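*Asks:* Below are the chains, spelled out letter by letter.
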Amino acid sequence: MKFTFGKLMLGIAVVLTTLGLLRYKPWKKNSGVTARDVIHEGVNKKATRELTVGYLPVTCHLTCPVTDFASKTTQTNTNFNSRVFSDFPTVVSALEAKQVQATFMIVPLAMKLREQGVPVKICYLGHRDGSEVIVGKNSRIRSLKDLKGKKMAIPSLYSNQNFVIHKMMDDFGMQPNDIEFIILPPPDMPTSLAAGAIDAYFVGEPFCAKAELDGYGKVLYYARDIWPNFISCALVVHEDLIKQNPDVVQDLVRGIAASGAWAETHRVEAAKLVSPYFRQDEKVLNYVLTSDPKRVSYVQLTPTDEDLQQIEYQGIKLKLLSKKIPMYELIDRKFVPNEIIPAPIDEASIPNILPAGKK
Amino acid sequence: MSDKKTVSLALSNVSHSYGTTSVLQTLNLQVKNGEVVVLVGPSGCGKTTILNLLSGHLQPSTGRVQRTGNIRTVYQHDGLFPWLTVEENIAMGLRSVSDTAQREKEKQDLVELIHLRGFENHYPHQLSGGMRQRVELARALAGQSDILLMDEPFSALDYQTRLRMRLELVRILEQRPRTVVFVTHDIEEAAQLADRVLVLSSRPATVCRELEILTPRPRDLTGSTVIETMKTILMELGLQH
Amino acid sequence: MINSKHTSSSQKKLQILLPVLVLAGVILLWIIITYTNLFPAYALPTPGAVLKSFKEEFESGRLMNDIIASLWRVAVGFVLSATLGIPAGLWLGQHLYARQACVPMLNFFRFLSPLAWIPFAILWFHIGDKPAVFLIFMATFFPLALATMSAVATIPSIYFKVAKDYNYKGIELLTKVTFPSILPQIITALRVSYGIAWVVIVAAEMVGCQDGLGYGIWDARNGLRLDSAVCYMIVIGVLGMGIDRLLAQLTKLPNVRWGYER
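Chains as they are written, first to last, in our numbering: chain A, 19 to 377; chain B, 1204 to 1444; chain C, 3 to 264.
Hints are supplied without guarantee of correctness; some may be wrong.
Among the chain C residues that face chain B by a calculated CB cut under 10 Å, a handful are [what the hints assert, rightly or not]:
hint, residue
1, 53
2, 56
3, 104
4, 158
5, 160
6, 163
7, 164
8, 178
9, 258
10, 263
Here are some chain A residues the structure puts well away from chain C; computed CB gaps all over 12 Å [what the hints assert, rightly or not]:
hint, residue
11, 67
12, 105
13, 135
14, 137
15, 167
16, 196
17, 259
18, 299
19, 315
Rather than coming from a laboratory, the hints here were simulated on the basis of the structure. Everything numeric in this text was worked out from a predicted model, so none of it was measured. Glycine is no exception: its CB is placed at the ideal position from the N, C-alpha and C atoms.
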């Protein structure tokens, strides 16, 4: 075979077309959804509308995939596709580009977005509690005071964990620079603790349970002990969607609330349902959800002015937020249903997934 | 092929210089139709410059170059396109032949002429130096060519191959006569091939001796004509007394 | 003659056998390390777990989807930078002043790691295929343009003299003389910049993407699944090597062979 310009062009065209076809699968109707998005196919044929909702694989966002599952297997009007993200900057970018119009997000970050002029509203909460301060299993740290001069990892400056720990240091009469804070991606925290690179970390589940299960970490504080009814994440919706499609948002909030109510009482099943969405070991999730009811709760998820004002106040005090946003601008409670009925998920419809590849 | 009568090649009062270095000084050169003119001279005397002027790759600083007919150059080495096969390189010379069948026939004839049947699909880097020069010659002879400029075409070859190539060139020119301007520093070559030898002085080059050789080719290397001619050239170059 | 043929065939066998032995050795070492618990299980997954996760990822269709996503992004970015970079290089190679004017700028961008563009890639192209394609483009355009340029600038002038003798002009001169004479160097440049592209895609997909091999690693990490991350690493390495072998086949084509045998 000889190398000619024509053959080269032909070769390139063939490769590009093949890859393009494989990538976008034009013969499939639902071409925007990739294999990563579809975890379960369901029987619900009633749904006429669709909405993609963003989430991260943390238990705080657990109701998102549950709602996805419920919308596929039960009779709902809207089909919800949950779309997994791996970090918050990407979520923000997707929200700004309106690639997703509803997503779960850490609360202070939503406030920051609002401050920067991205019209988002908090419509519901993810869960209560669900975060812990973890220290090494054999460490001598007994209280926050023992962490003086030590290193502690937090997930983001705009995380409520950061806000809360500073509030607590205040309460203990400590100076802000008494503890050296390090921002780490949550998945790195357990391993960093094991390797001795940090002395403690404060983050959402299941990254706390991981350290406990692997046998090198223990809980120093539960979030609820520091800050009752601790809030980490909220359901954030773009105002455009609220204006254009209030019915869908109504469905969404009702669905999330119903999923929360279901998860609260079906914890084992919830762990099983969510593990393939999160691509996490069911055992870890199961542990988070069932070991101690103090860890997480999925009730009482209507955002109150008081809750968020407290967070905002702390954010301004830390100079991470710069202006006070009135609560009516930030919160939209009109979609929260008066009566929350647990989602009618049939436990038998949750497929059995191979236990993840850990011993 | 164009009418042989119209072929002419001449330099009149041509001078050329690169920057301040004068290479040629008022040079006059007339090449007759069908004649083989060999230019001999010390290296660096401007022989290649003369060829570049004749072919039009260079414009003279002063003076006039007259040229009618199609000119092709055979280079010392690497003149073949390495990405083309023997056949394709030869076909380059036949680009103006529009009839496919005729082109094909001509190509076959040329391959036959240079005795490279069986090597049509070889690439230059797979051939020996002598074979490559034969291909280059065939390419230059193909199609519409009237004048061949040969720039030390055999100087990169070993001695025996060089001797053989001279005989080849004589044979090929017999079959396809061309007007040839041949540049070399090899006086044997000059004595064996030329109808007329021009001995050039060192830079700036001027013609210091013109020798006509009437003995028909092929000429025996040890024959008296060649020996005599060589003697004359050597004396002219100051290498023999 | 016979003797030398014999050695060449046994040499060939050795050529295959030795790498296989090294590979087997590395795997064995891995098995030994994991089973003697030299590292804790959370720090180094066992080969068994990796194999299992490979099966899992493959059966769920995720792995295939990620492979296609990455290949698509690399292909589009690469073709884009080749279609712009090679002509740019051709033009620069033929114009001395343009070359002198642009080379410092091109070099500046070449030494700027494409990953430095990540914030802008996401800002300008949001998430999805586009930022990754953009990063691949930024990673490969400059080396390709520069390599083409220096290849053109060093084409022996004799080729152009010959081309003039045989009446090659304009576009024909470009496609029949200039382009084939630099083709061997272009193929080499393509191989080198493909290598860069493949390294960059993995890093690029860790942000601003929802699928792809790099995202697979990131996602596995988020899911605390190092076994799956290792499985993706293996796929990335094998694919990268395989495609390079494929590109290497281009150098075996007869009309570019000359460029590698001198």
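*Asks:* State for each hint whether it applies.
*Replies:* Here is how each hint holds up against the structure:
Interface hint at residue 53/C: violated, since its Cβ lies 47 Å from the closest Cβ of chain B, which is beyond the 10 Å cut-off. With a least beta-carbon distance of about 44 Å to chain B, the hint placing residue 56/C at the interface is violated under the 10 Å criterion. The interface hint given for residue 104/C is broken, as the beta carbon of that residue sits about 28 Å from the closest beta carbon of chain B, more than 10 Å. Here the hint on residue 158/C is kept, as its CB sits about 7 Å from the closest CB of chain B, short of 10 Å.
Checking residue 160/C against chain B by beta carbon gives a least distance of about 6 Å; that is within 10 Å, so the hint holds. Checking residue 163/C against chain B by beta carbon gives a least distance of about 6 Å; that is within 10 Å, so the hint holds. The interface hint given for residue 164/C is met, as the beta carbon of that residue sits about 6 Å from the closest beta carbon of chain B, less than 10 Å. For residue 178/C, the interface hint holds, since its Cβ comes within 10 Å of a Cβ in chain B; the closest pair sits about 9 Å apart.
Among the interface hints, the one on residue 258/C holds; its C-beta lies about 7 Å from the nearest C-beta in chain B, closer than the 10 Å criterion. The beta carbon of residue 263/C is positioned within 10 Å of a beta carbon in chain B (closest approach about 6 Å), and the interface hint is therefore held. Annotated as non-interface, residue 67/A keeps its C-beta farther than 12 Å from every C-beta of chain C; the closest such distance is 22 Å. Once the 12 Å rule is applied to beta carbons, residue 105/A is inconsistent with being away from chain C; the minimum gap is 7 Å.
The claim that residue 135/A is not at the interface with chain C holds, since no C-beta of that chain comes within 12 Å of its own (minimum 15 Å). With a least beta-carbon separation of about 17 Å from chain C, residue 137/A lies farther than 12 Å from that chain, consistent with its non-interface assignment. Chain C leaves residue 167/A outside its interface by the beta-carbon criterion, the shortest separation being 27 Å against a cut-off of 12 Å. No beta-carbon of chain C comes within 12 Å of the beta-carbon of residue 196/A; the shortest separation is about 30 Å.
Every CB of chain C lies more than 12 Å from the CB of residue 259/A, the least distance being 17 Å, so the non-interface label holds. Listed as a non-interface residue, residue 299/A fails to keep its Cβ farther than 12 Å from every Cβ of chain C; the least gap is roughly 7 Å. No beta-carbon of chain C is positioned within 12 Å of the beta-carbon of residue 315/A; the least distance is around 23 Å.
In the structure shown, a violation is registered for the earlier hints numbered 1, 2, 3, 12 and 18, in ascending order.
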